[in-house]
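2 protein chains.
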Amino acid sequence: MTNKTWRVGVAGLGTVGGGLLQFLADRPDFAPAGDSAVVTAVSARSKSRPRTIDISGLTWFDDPVALAGSPDIDLFVELVGGSDGPAKAAVETALKAGKPVVTANKALIAEHGAELAALAEAQGVPLLFEAAVMGGVPAVKMMREAMVGDDIDSVAGILNGTCNFILSEMEKTGRSFADVLREAQALGYAEADPTMDVGGFDAGHKITILAALAFGCAPNFAAAEIEGIEAVELLDIKLAKDLGYRIKLVASAARTEDGVAVKVHPSLAPLEHPLAQAGGALNALFIEGRRVGRIFVQGPGAGAGPTAAAVAADIADVMTGAVRPVFQAPSGNLKPFIAVDPSRTVGKAYLRIMVRDEPGAIAAISETLAECGVSIDSFLQKPVEGAGGVPIVLVTHATPESNLLDAITRIEKLRAVLERPRLLRVARI
Amino acid sequence: MTNKTWRVGVAGLGTVGGGLLQFLADRPDFAPAGDSAVVTAVSARSKSRPRTIDISGLTWFDDPVALAGSPDIDLFVELVGGSDGPAKAAVETALKAGKPVVTANKALIAEHGAELAALAEAQGVPLLFEAAVMGGVPAVKMMREAMVGDDIDSVAGILNGTCNFILSEMEKTGRSFADVLREAQALGYAEADPTMDVGGFDAGHKITILAALAFGCAPNFAAAEIEGIEAVELLDIKLAKDLGYRIKLVASAARTEDGVAVKVHPSLAPLEHPLAQAGGALNALFIEGRRVGRIFVQGPGAGAGPTAAAVAADIADVMTGAVRPVFQAPSGNLKPFIAVDPSRTVGKAYLRIMVRDEPGAIAAISETLAECGVSIDSFLQKPVEGAGGVPIVLVTHATPESNLLDAITRIEKLRAVLERPRLLRVARI
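From first to last, the protein sequence lines are chains X and B.
Numbering-wise (our numbering), the first sequence opens with residue 1 and increments by one.
Numbering-wise (our numbering), the second sequence opens with residue 1 and increments by one.
Bear in mind the hints are in silico, worked out from the structure with no lab data behind them.
Some hints here could point you the wrong way.
For identical chains, the list gives no copy identity; a pair is met inside one copy or between any two copies.
[Claimed, not checked] When the alpha-carbon atoms are kept at most 25 Å apart in a straight line, the in silico SDA-like pairs for lysine to any residue are as follows:
no., residue 1, residue 2
1, K4, P330
2, K413, G14
3, K241, E272
4, K172, G82
5, K348, D153
6, K4, K335
7, K241, L271
8, K47, R290
9, K382, D84
10, K335, A41
11, K241, R352
12, K335, F30
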């Protein structure tokens, strides 16, 4: 073991960057593999903004790209965020200069991971991103390093704490999505522009990265099928519970003979299932491997403490001198990402059909479902005050998605049906 | 990345060794970091025993120590087992010869980890043991690598699948410990001599290793306080459930100002707690860190598939060339292990007191508890057929263990009390 001191440049001094500086200030002895790390230079949007950590002794850069290229740092930490722009330019600059890079930027890795991996591997330097997925839960390390002795068939979980918090609050307090979102924004749990979170894109970035690590293919965010929680209604949360399920934003990636399916959907998880029980801002993940079986991991997915600890663990990994591919295989050997046609997906589904309370409605619906080859697993009709009609809810047996969509289109046209039926998937967990 | 082929010597061809050979036969392309691994030499108790994998092309060694020292291997995998004897001699021989060692041997690491770490670090070669704890769940990697950016306060979990299976079966089928153990032995889930498992020693080895990784102290198996499940009675399983708990063999390690407490006890976990819900042969672990918060991980803790995958992941780690300490810090910097006096431990407890059904029994018991400073959280008196007396069960508020033991000694002497009260701890989870 050497006793080198690594000069670390940190671009971005928000929650995670501030947490990292605090961590290294609290732990001046941080040298898990012999070497130690000291932040010597920083870059952020505003130099003068009040901060809990004194940065006056550090070299200041207005431009993160200039920091990344500085000969006075040995390791670049990118916490700027965003899939393109300065974050990408800075990471490319550092890698081209032969500097190891640690980042928490899920959008960057999900959208440009393959090209950045090729660049890092050509330069022989690590590109690490533990903090990009599940905060302090080492999901990336588990997939990249611990699961190399296995063939992973699927991963599925709750990867966005904001959505999980909102859905949990809706159920607990009986308030609407819009109402709970406003509160979450006031409390700082949700961003002023919440689209990345509630639109499912943040979870989509994360599951794209996990899919690449699990299956040895290049990350392909564009191929992910993404639906957010904006349209989740309290009515569905209640009715799903009556049927024994809880609605969660489930991100999943599965490998079949046809290719890879990467999805984010509000989905029904059985109430007794660990994913249904992960409430509040928790993140949770199932990994299903052919040899290892099913592994479940759960923990806080965000926040300064967990995320900064994940960045620090990546810095420690750089200092060990380990040489491994950025994803599961060297970037030249990554398999092309072949997306499965979503309409060919087979799974159980939840349908809510609002009908006028008149004779024959159920008969017409069940006849239509039968014609489309959709069979029913459980069924509930329950008057709900103020719902503007009577909701009929049912959970189907496993059905090809195309049959389901066909049935929905036909049911919508039935005389007794008031609006397009609401479709939610039952999580395959 | 280089393209070296590592010649691997494997000592021990039981479940894990056979699984590893099968894995490398199934995955001839196994080269996660560029290098590849090929088993070239083996050692086992019997050369001629029928095996599913053909070993006729491999160099045979009668003596694992001779295999460990062979100049024709680059990496030594020790799957012989046992804390001393040939396993220890072989690992020492390999390390002294400057060869990386991968082992699944929890007893060896728990009992001799510090001296072996010193030897490995002096030689600058890795000593890895992921398969020693929780099978395919990367608990060791999580503690050693992912949690370096945190200060761990405690770890607690279910680390022995055999005990968990037996306790789950007792509850499910209403059969006695002895009865279920016999069945588990017939099914191959328990060894002919089950002491290591049911006596809590296997879990003790594992939690000793996790404590060393978590707290940066030398592993000290001798300081672990260990109680097995042999004396767990069906009656307590039932009564605990009436009080809202399930009995699990919980292994825990906690750091306080006074030192480190490492324990294995049959303990009560609240029914709704994830540890209570990990049934069958599952393993499960909570990690509590100051920055990261609470992380929970669960999976199959044994079996050829998971354990061989963990050994393969360690081989991959060796091939990355990473240089890190064997435990959390270089062996010269490991803190001395200061064990907390068990009598100073404070926690909730379950007491079952068998009494003659006569007036004044409850009054005498509650008076004695009050005199000893033990206050009661919940209380249950319930006639149980064939129990030979009436059981009074209670769960205390948090109490120093010394007060509890004092109370038990005094209660045992009360006229209405038939036998020494049964004490079980409530898990601090």
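Verification of the supplied hints:
1. K4 <-> P330: between (28 Å within a copy, 15 Å between copies)
2. K413 <-> G14: neither (51 Å within a copy, 64 Å between copies)
3. K241 <-> E272: Cα proximity of K241 and E272: in one copy and across copies (11 Å, 18 Å).
4. K172 <-> G82: neither (33 Å within a copy, 52 Å between copies)
5. K348 <-> D153: within (19 Å within a copy, 42 Å between copies)
6. K4 <-> K335: between (37 Å within a copy, 23 Å between copies)
7. K241 <-> L271: Both, since 8 Å and 21 Å are each at most 25 Å.
8. K47 <-> R290: Neither, since 51 Å and 30 Å both go past 25 Å.
9. K382 <-> D84: The answer is neither: 49 Å in one copy and 68 Å across copies each exceed 25 Å.
10. K335 <-> A41: Close neither inside one copy (38 Å) nor across copies (33 Å); limit 25 Å.
11. K241 <-> R352: Within. Shortest intra-copy distance 13 Å satisfies the 25 Å Cα cut-off; inter-copy 38 Å does not.
12. K335 <-> F30: Between copies only: 15 Å across, 38 Å inside.
Checked against the numbered hints listed earlier, the structure breaks hints 2, 4, 8, 9 and 10; every other hint is satisfied.
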